[in-house]
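Participant: Protein sequences appear in the order of chains A and B. Letter 126 of the first sequence, counting from 1, is numbered 126 in my numbering, and no numbers are missing. Letter 211 of the second sequence, counting from 1, is numbered 1211 in my numbering, and no numbers are missing.
In case anyone wonders, no lab produced these hints; they're calculated from the structure. Careful: at least some of the hints might be erroneous.
[Said to hold, decoys possible] Here are the computed lysine-lysine pairs in the DSS-like style, where the Cα-Cα straight-line distance is at most 30 Å:
1) A:K351 with A:K293
2) B:K1351 with A:K88
3) A:K33 with B:K1088
[As the list claims (entries may be wrong)] One-sided and incomplete, this derived list gives chain A residues near chain B with beta-carbon spacing under 7 Å:
4) R11
5) D92
6) Q117
7) R118
8) H145
9) A154
10) R324
11) D325
Each residue gets a CB set at the ideal place from its N, CA and C atoms; glycine is no exception.
Number of protein chains: 2
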Amino acid sequence: MNPLHVELGDRSYPIYIESGIINDSALYKKHIKGRNVLIVADENTSAHYLPALLTALSDFNCQHLSLPAGEAHKNLDTTSLIYDTLMKGRFDRNCTLIALGGGVVGDICGFAAATYQRGVNFLQVPTTLLAQVDSSVGGKTGVNHPLGKNMIGAFHQPSCVIADMATLQTLPDRELKSGLAEVIKYGLIDDAEFFHWITENINDLLTLDPQKLAHTVTTCCANKARIVAADERESGKRALLNLGHTFGHAIETANGYGVWLHGEAISAGMCLAAKFSALAGHMPAEAVTTIEKTLSAAGLPIRPPQDMTSEQCHELMYRDKKVRDNLLTLVLLNNIGDAFLSNDFDQKLLKESLRKEFDTK
Amino acid sequence: MNPLHVELGDRSYPIYIESGIINDSALYKKHIKGRNVLIVADENTSAHYLPALLTALSDFNCQHLSLPAGEAHKNLDTTSLIYDTLMKGRFDRNCTLIALGGGVVGDICGFAAATYQRGVNFLQVPTTLLAQVDSSVGGKTGVNHPLGKNMIGAFHQPSCVIADMATLQTLPDRELKSGLAEVIKYGLIDDAEFFHWITENINDLLTLDPQKLAHTVTTCCANKARIVAADERESGKRALLNLGHTFGHAIETANGYGVWLHGEAISAGMCLAAKFSALAGHMPAEAVTTIEKTLSAAGLPIRPPQDMTSEQCHELMYRDKKVRDNLLTLVLLNNIGDAFLSNDFDQKLLKESLRKEFDTK
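Sequences are here, hints too, so could you generate the full structure?
Facilitator: Structure below.
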């Protein structure tokens, strides 16, 4: 199978999507620079994939580091564990990091690669649906600050993405569903046809149909590659990929990182975006119902956490990276498959919309 | 006076070198983005310049943060103080950081600017000779790891450099001398005429002759701007600016950060580079004597620390960022004003040279 490509001039790179490629030595050899390799995985992923990968990379000086799993550990302290391992192992600027696992590991490992010796080579080997369809592609790396998601980070593109479809077969159910939130997001943004395909095939996806999962990952990555190539640093269109994320990040921060999975928060966040879009007259109310039905069918939450208030949500949203001089840019919907950016929405109406969702449970 | 320019396409920026410009509101207005400004200074610099600068910036929402002074605090923990202030103050991506002070503050503040919300605007306002002639120009930002200098960082160019010559008039003597080490470095690399001019004028520089200091800063910045424009990411010629730095960083790390000032370590480091260059037959022995005389006249150390061994130095040098697959690139000298890069030097001879300097005191 031919890889997809993210076209970014001299920072272009391939996305390999296939079953059984996680231990393909030839693929790694093509993209590893230097002799020294550090594999960074979370504790769960290590157990599954590390031994075979170490064998596949036996031609290199290969070390590995297991990080504590989960969003709660996506911080500077965990990043320092990577720096320490690199320094103690005398890794020079010509080394390669491999991020093996889900989105959390990819984000931390990518940030370490962006900042170790002012930038070293790294590969993304995503093993969750969420990481395969979204976070491993596009070069956004970073960690959380106690007061806000992904507030410390850098743009740093990997030299390739190796998405082995077979890894999804052992994915815990909750992780699979969390990934489906980002999948549905791509449909909502600008691909109504894909949204309806997901809706029709949601049960096959939930039971891990290999062909349909492969189609899903390929479609999402093709969408993401196209959007990132057009706007690497998010000065415009790329911001559409944040649909549901300003609401969702507020939920993740308010809940405590890791209490809800990222995709769960994004699911509830997309519902909030959809409802506000309807309240503001952009989208028909029926579309909100359709969106909620699909997310529910995927086993995802469509309501925000019980113990969160609209004020808390509003306060956290205005700390988001999409705020400029106190002006928040939201991703709203005209319809399914037709998202747009707005910073001139009615602020009172936003508060009203949040009150309805948060304070009247 | 017309500013110098660092020519880097859409990341080009001016270097203003003049007396009395540190509180020039118009200059700041030209380069500040957004409404929110955080001035980051060290404790010493704050006392001198902060009140007047806050007045000059009264049109902005201006906050300030004082960091503990000195190289020992150039680490991730101190960087986190900046992140915390930015998050608590709800600084968005459209904010501006101002690094006010010496090289340490510039490096930390620049790194925070490179990584806060994946990169925000920042200005360099260097108030030491070392920062004015070297560290504020060129976009190298970063902090130390306990096992190595500047190992965590990013390339992130400022939007301007404001070098007020008047600030040098209150510079502590030891800081002035430390800056002269970097000044002499520019002469040694590729400007023999400038080296001889410094040698002849060293006493005037030590007594803070304003015209001669201005000539010094302008010459160094012009040299640096030219080299950085030709090789922003240090894939070639820019590495010449590291003359004495691989040896010097080893001294700083071995001594404990801050025990010797950066310029002091670089002075001893340049002597080590010069002696090895002579031992390897590249440079006449008389040139080593000339270099040592000038550095001594500037009040700088020309011998490494008493309690450091050659083995310790060698070990730390091979952890340097200039190592690739265990191959170290050194900056050596054919003569005063004629530096070159070498990675095929005689490794045994390097050890012999270090033994002579470190182990036979």
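Participant: Take the hints in turn and mark each one as holding or not.
Facilitator: Hint check:
1. Taking the CA atoms of K351 (chain A) and K293 (chain A), the gap is about 25 Å. The hint holds against a cut of 30 Å.
2. With a C-alpha separation of about 22 Å, the suggested pairing of K1351 (chain B) with K88 (chain A) holds against the 30 Å cut-off.
3. Our distance criterion of 30 Å between C-alpha atoms is broken by K33 (chain A) and K1088 (chain B), whose separation comes to about 40 Å.
4. Interface restraint check: R11 (chain A) against chain B, minimum CB-CB distance 12 Å, threshold 7 Å, status violated.
5. Here the hint on D92 (chain A) is kept, as its CB sits about 4 Å from the closest CB of chain B, short of 7 Å.
6. Checking Q117 (chain A) against chain B: minimum C-beta separation of about 5 Å stays under 7 Å; hint holds.
7. Restraint check, R118 (chain A) versus chain B: the minimum CB separation of about 5 Å is within 7 Å; hint holds.
8. Residue-level restraint check for H145 (chain A) holds (minimum Cβ-Cβ distance to chain B is 5 Å; threshold 7 Å).
9. Of the supplied interface hints, the one on A154 (chain A) holds, with its beta-carbon coming within about 6 Å of a beta-carbon of chain B, less than 7 Å.
10. For R324 (chain A), the suggested interface contact is upheld, since its CB lies about 4 Å from the closest CB of chain B, less than 7 Å.
11. Nearest Cβ of chain B to the Cβ of D325 (chain A): about 5 Å, under the 7 Å cut. The hint holds.
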